[in-house]
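Participant: Following the hints, put chain B in place on chain A, whose structure we already have.
Protein sequences appear in the order of chains A and B. When we follow our numbering, the leftmost residue of the first sequence carries the number 14, and every step to the right adds one. When we follow our numbering, the leftmost residue of the second sequence carries the number 14, and every step to the right adds one.
No lab work stands behind these hints, which were simulated from the structure alone. Hints are not guaranteed to be accurate.
Note that the list lumps identical chains together, so a pair holds whenever it fits in one copy or between two copies.
What the hints assert, rightly or not - Straight-line distance between alpha carbons at most 27 Å, and here's what the computed DSSO-like set of lysine-lysine pairs gives:
no. : residue 1 : residue 2
1   : Lys35     : Lys194
2   : Lys211    : Lys90
3   : Lys211    : Lys26
4   : Lys88     : Lys194
5   : Lys26     : Lys194
6   : Lys41     : Lys90
7   : Lys35     : Lys68
8   : Lys90     : Lys26
9   : Lys194    : Lys90
10  : Lys88     : Lys163
11  : Lys90     : Lys163
12  : Lys68     : Lys230
13  : Lys68     : Lys194
14  : Lys41     : Lys68
15  : Lys202    : Lys230
16  : Lys88     : Lys40
2 protein chains.
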Amino acid sequence: MTHIDINKPILDKNDRLAQSNKELLHKKGIFTLDLMASPGAGKTTAILATIEALKDRYNIAVIEGDIASNVDALKIKAAGIPAVQINTGGICHLESDMIRSALDQLPLDNLDFIIIENVGNLVCTTEFYLGEDAKVMILSVPEGDDKPHKYPGIFQTSKAVLVSKTDTLPVFDFDMDDFNKTVGSLNPKAPIFPVSAKSGEGMSDWTEWLVAQIEAKRLS
Amino acid sequence: MTHIDINKPILDKNDRLAQSNKELLHKKGIFTLDLMASPGAGKTTAILATIEALKDRYNIAVIEGDIASNVDALKIKAAGIPAVQINTGGICHLESDMIRSALDQLPLDNLDFIIIENVGNLVCTTEFYLGEDAKVMILSVPEGDDKPHKYPGIFQTSKAVLVSKTDTLPVFDFDMDDFNKTVGSLNPKAPIFPVSAKSGEGMSDWTEWLVAQIEAKRLS
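The following block holds chain A by itself, in its conformation from the complex (with noise of 0.2 Å):
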């Protein structure tokens, strides 16, 4: 369609300047992970969750991308974590340059990770690359056990997936078992944490499974 081809001068662009970005992160140490989720899924909260498990062994970073407000931006800046928010305007994604910007106000020789939360989309955030290491996704427990045939690209490009809101599932009919199946089918290896941020449960698999990533690239 249409569409695509006209985008294309615009990936060309972004993957050019994520290569930039991804450049100067590695030369300053820093892991960055650009987690992604419908909107309300739970991004802000699982990352305040992460920050809290992992605050002593690293300086963390967030940049917020939102279309408006700085409403989870003043969030993380309450946990005394570094925050940019970027608003897009009307754009439903994180773009590289937007990055770049937030990258230049953050103290980047004193940070060791990096938490991008994107824009609330199953869609266009998956298609651009920013120079992160891994891309993650969140899908919470009322979204449905259907969304992996709706949306399979996000499933696809995540490096892990969360699902968050486990302390509802008495509430919803999700099944998590054939959620497991077609992730699985979709992205074999991607491991799978329920998590809820309300009980606790799943977060230190997730922190765990993290801290080796973080690991992984100090070593490599």
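Facilitator: Relative to chain A, chain B alone:
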């Protein structure tokens, strides 16, 4: 930003086709609704409940938009209603040419009301006029009451706002008063309908409003 300028030809082409869709639908006396929401907010469930309430009064058809799969169209067809599934590939919203292809497959002479279920997305869906009479959005309680701050565009574009899954209000921290106030400041004319497909709460207020819209078009 460059993105917007480069997309302009697509939007122009889309608007021309939307106008043509609008004229066709007007000629056939069909009221058309474009339903937008995040993935998993309950669009298909709301459509099924709306069909159940209005199927004796109107001849209804549904156009389903998804990146992939025909899960939703199968659910609608199981309810005995004509349904066309559009798979957009990687595109995060429906466009007018896709709607036209779907209209070509529907028995327009026998229809009163078409519901378009757009791709799960709070951003791009708002930017494309498809020829519909009204855009309406659903926000589900689990997504959180802060969404109007983060995605103001969709709340401003919608002629009505459904708040779904209200049966889960006891499980989530969702401040309905605060939500109503924020939506009211963005779009004072849009009615807000709290609904629960599980308990049936609010569905009659929603369908009464919808009937008033359909009848108003018939009289125009």
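Participant: Evaluate each hint against the coordinates.
Facilitator: Going down the list of hints, with the structure as the test:
1. Lys35 with Lys194: neither (33 Å within a copy, 43 Å between copies)
2. Lys211 with Lys90: Answer is within; shortest intra-copy Cα gap is 21 Å, inter-copy 39 Å.
3. Lys211 with Lys26: Classified as neither; 41 Å inside a copy, 47 Å across copies.
4. Lys88 with Lys194: between (35 Å within a copy, 21 Å between copies)
5. Lys26 with Lys194: Intra 37 Å, inter 41 Å, cutoff 27 Å: neither.
6. Lys41 with Lys90: within (22 Å within a copy, 56 Å between copies)
7. Lys35 with Lys68: within (23 Å within a copy, 55 Å between copies)
8. Lys90 with Lys26: Intra 31 Å, inter 44 Å, cutoff 27 Å: neither.
9. Lys194 with Lys90: between (38 Å within a copy, 26 Å between copies)
10. Lys88 with Lys163: Answer is between: at 14 Å across copies they meet the 27 Å cutoff, but 31 Å inside does not.
11. Lys90 with Lys163: between (35 Å within a copy, 18 Å between copies)
12. Lys68 with Lys230: within (18 Å within a copy, 58 Å between copies)
13. Lys68 with Lys194: Neither. Shortest intra-copy (34 Å) and inter-copy (37 Å) distances fail the 27 Å Cα cut-off.
14. Lys41 with Lys68: within (18 Å within a copy, 62 Å between copies)
15. Lys202 with Lys230: Intra 18 Å, inter 53 Å, cutoff 27 Å: intra-copy only.
16. Lys88 with Lys40: Neither: 29 Å inside a copy, 52 Å across copies.
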